[in-house]
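*Asks:* According to our numbering, the stretch in the sequence shown is residues 51 to 140, in order.
For the record, the hints were derived by calculation from the structure and aren't laboratory data.
One or more of the hints may lead you astray.
Per label pair, the in silico range of CB-to-CB distance [what the hints assert, rightly or not]:
id : residue 1 : residue 2 : range
1  : LEU112    : ALA74     : 51 to 59 angstroms
2  : VAL81     : GLY115    : 45 to 53 angstroms
3  : ALA109    : VAL72     : 52 to 60 angstroms
Straight-line C-alpha distance at most 25 angstroms; calculated SDA-like pairs for lysine to any residue [said to hold, decoys possible]:
id : residue 1 : residue 2
4  : LYS134    : ALA120
5  : LYS134    : ARG122
6  : LYS134    : ASP119
7  : LYS135    : ARG122
8  : LYS135    : ALA125
9  : LYS135    : ALA120
10 : LYS134    : ARG123
11 : LYS134    : LEU124
12 : LYS135    : ARG123
13 : LYS135    : LEU124
14 : LYS135    : GLU121
15 : LYS134    : GLU121
Yeah, the Cβ is synthetic: ideal placement off N, Cα and C, and Gly gets one too.
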Amino acid sequence: MSVVVLLLLTVTLPGRHGAVGVAAAWVVLCVLIVGAMTFATTTVRVRALRSEVARARSAVHLADGAVRDAERRLADATEVFWAKKRPQAA
Numbered sequence: 051m052s053v054v055v056l057l058l059l060t061v062t063l064p065g066r067h068g069a070v071g072v073a074a075a076w077v078v079l080c081v082l083i084v085g086a087m088t089f090a091t092t093t094v095r096v097r098a099l100r101s102e103v104a105r106a107r108s109a110v111h112l113a114d115g116a117v118r119d120a121e122r123r124l125a126d127a128t129e130v131f132w133a134k135k136r137p138q139a140a
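Given only the sequences and the hints, what does the whole structure look like? Please build it.
*Replies:* Spelled out as structure tokens, the structure:
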């Protein structure tokens, strides 16, 4: 695309103003390069953040499971404790 812009600018500006067309083409090319680099950097950052969010969600899911297991064990232990404390009907 930048080659097309370069050719259009150098062809449309006649005579000795060809250097202006080349300079304008370089400006356009530099803007495109900076934009592409910014997009690539942003894409990498977004991918890293998405990965971090996925790991955090996984950790939260595992923590929720651990809490449920601990609550279940506590309930079982409480039942066993009170079963031992109740008087046995003989």
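*Asks:* Next step is simple, just say for each hint if it's right about the structure.
*Replies:* Here is how each hint holds up against the structure:
1. LEU112 x ALA74: 51 to 59 angstroms: Because 57 angstroms falls inside the window, the suggested range holds.
2. VAL81 x GLY115: 45 to 53 angstroms: Check passed, 51 angstroms falls within 45 to 53 angstroms.
3. ALA109 x VAL72: 52 to 60 angstroms: Cβ of ALA109 to Cβ of VAL72: about 55 angstroms, so the range 52 to 60 angstroms holds.
4. LYS134 x ALA120: holds (21 angstroms)
5. LYS134 x ARG122: Answer holds: LYS134 to ARG122 is near 19 angstroms, not above 25 angstroms.
6. LYS134 x ASP119: holds (23 angstroms)
7. LYS135 x ARG122: holds (20 angstroms)
8. LYS135 x ALA125: holds (15 angstroms)
9. LYS135 x ALA120: Holds: LYS135 and ALA120 sit about 22 angstroms apart, inside 25 angstroms.
10. LYS134 x ARG123: Distance of about 17 angstroms is within 25 angstroms: holds.
11. LYS134 x LEU124: holds (15 angstroms)
12. LYS135 x ARG123: holds (18 angstroms)
13. LYS135 x LEU124: holds (16 angstroms)
14. LYS135 x GLU121: Given pair LYS135, GLU121 holds - Cα atoms ~21 angstroms apart, limit 25 angstroms.
15. LYS134 x GLU121: Holds. LYS134 to GLU121 sits at ~20 angstroms (cutoff 25 angstroms).
Against the hints set out earlier in the document, no violation occurs for any number.
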